[in-house]
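Q: Here's the letter readout for the chains.
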Amino acid sequence: MKYQTFSRIAIAFVAVALMAGCATKKPGWDYSAYKASKPSSILVLPPVNNSPDITATYSVMSFVTKPLSEAGYYVMPVGMVAQAFKENGLTQPADMHATAPQKLSEIFGADAALYITVTKFGVSYTVVNSETMVQVQGKLVDLKTGATLWQGAAQASSVEGEQQQQGGLGALLITAVIKQVLASTFDDSHRYSGMATDRLLATGVANNGLLYGPRSPNYGKD
Amino acid sequence: MFNKLIRLTTLLALAFTLAACASKTPALYSWQGYQSNLDAYFRASSLSPDAQTQLMEQDLQKIRAAGLAVPPGYHAHLGLLYGEQGDLDKFAQQVALEKSKFPESQTFMDFLTRNFKK
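In order, the protein sequence lines correspond to chains A and B.
Heads up: take any position in the first sequence, counting from 1, add 9, and you land on the working numbering.
Heads up: take any position in the second sequence, counting from 1, add 98, and you land on the working numbering.
Think of the hints as simulated: they come from the structure by calculation, not from any bench.
Treat each hint with caution, since some may be false.
To be verified - Distance condition first, Cα-Cα at most 30 Å in a straight line; then the derived DSS-like pairs of lysine-lysine: (1) A/Lys112 with B/Lys188; (2) A/Lys230 with B/Lys197; (3) A/Lys44 with B/Lys199; (4) B/Lys197 with A/Lys153; (5) B/Lys197 with A/Lys47; (6) B/Lys199 with A/Lys153; (7) B/Lys188 with A/Lys44; (8) B/Lys197 with A/Lys148; (9) B/Lys197 with A/Lys44; (10) B/Lys199 with A/Lys47; (11) B/Lys160 with A/Lys112; (12) A/Lys95 with B/Lys188; (13) B/Lys199 with A/Lys112; (14) B/Lys199 with A/Lys148; (15) B/Lys199 with A/Lys230.
In this text, all values refer to a predicted model and were calculated from it rather than measured experimentally.
Make the full structure from the sequences, and use the hints.
A: So this is what it looks like as structure tokens:
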């Protein structure tokens, strides 16, 4: 009998501990403007690229549709968006970003626009290592009011989660050479660009992520 | 016997709680090669517009055969590829599909239809 009582208490404790594990830390971003705005469609402008690699803008642009759509938003077709800007004489992302929100709203009919800046994109080399790193920042703006609804930043790197190297300098140098060859062969930057973009556009209030959109079953629950 | 039951219940409870933590909503759309097709389009060098169109048509068949949802922008992008190859009928067809599946696209699709006719 005593054993059973003990078991029950133990179960209760474990359950509470697990629930606490699920429970999330307090959000740092103030979501009140975002929640009031209730955007259902998002226009992603071709990202401004501050890295030396000219492929960065459209590498990131090719990855934005999936995370935002799966979050429950309608994403303005990215190929057509890029084309529409070009046909209107805008080829530089910085000029596109400078377009008035009212004008964007008029042409695209989107509720919100996502302005992305790529701050790092590509491989950097040191004597004993090489790192492929992509860093992005994003800002979601209400196109009717011009208010900022959300801001975030993310990165993905080839050295994250890497085990501590063993085997001395010789082995390190060999690893570095192999990695440099691999990095240039397999278009690593594009892969990490996808990871960084997915992270930037992840949902979840606990991590200051995006809110779910109306097409998601989780809409309004965050 | 009773203890065994308790143990079993505990295990089940644990499993359920953990499953609740890990639960991910199933994907809303079937993506196939859409993102790499977008990448090919932006790079402009890797695949001809005709080859891109065929890949997207093949994927579309797969998505439809599986009874899954076509992602936002898919029909519009396919329409763009047809339009750039001069097939304005198929451009209009795909744009109409995008509009009917995603009414959020209406303003932009109408803008494109007005501007693509020249």
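Q: Against this structure, judge whether each hint is valid.
A: Right, here's what the structure says about each hint:
| no. | hint | result |
| --- | --- | --- |
| 1 | A/Lys112 with B/Lys188 | holds, 29 Å |
| 2 | A/Lys230 with B/Lys197 | holds, 28 Å |
| 3 | A/Lys44 with B/Lys199 | holds, 25 Å |
| 4 | B/Lys197 with A/Lys153 | holds, 22 Å |
| 5 | B/Lys197 with A/Lys47 | holds, 21 Å |
| 6 | B/Lys199 with A/Lys153 | holds, 24 Å |
| 7 | B/Lys188 with A/Lys44 | violated, 39 Å |
| 8 | B/Lys197 with A/Lys148 | holds, 27 Å |
| 9 | B/Lys197 with A/Lys44 | holds, 26 Å |
| 10 | B/Lys199 with A/Lys47 | holds, 20 Å |
| 11 | B/Lys160 with A/Lys112 | violated, 38 Å |
| 12 | A/Lys95 with B/Lys188 | holds, 22 Å |
| 13 | B/Lys199 with A/Lys112 | holds, 25 Å |
| 14 | B/Lys199 with A/Lys148 | holds, 27 Å |
| 15 | B/Lys199 with A/Lys230 | holds, 25 Å |
Checked against the numbered hints above, the structure breaks hints 7, 11 and satisfies the rest.
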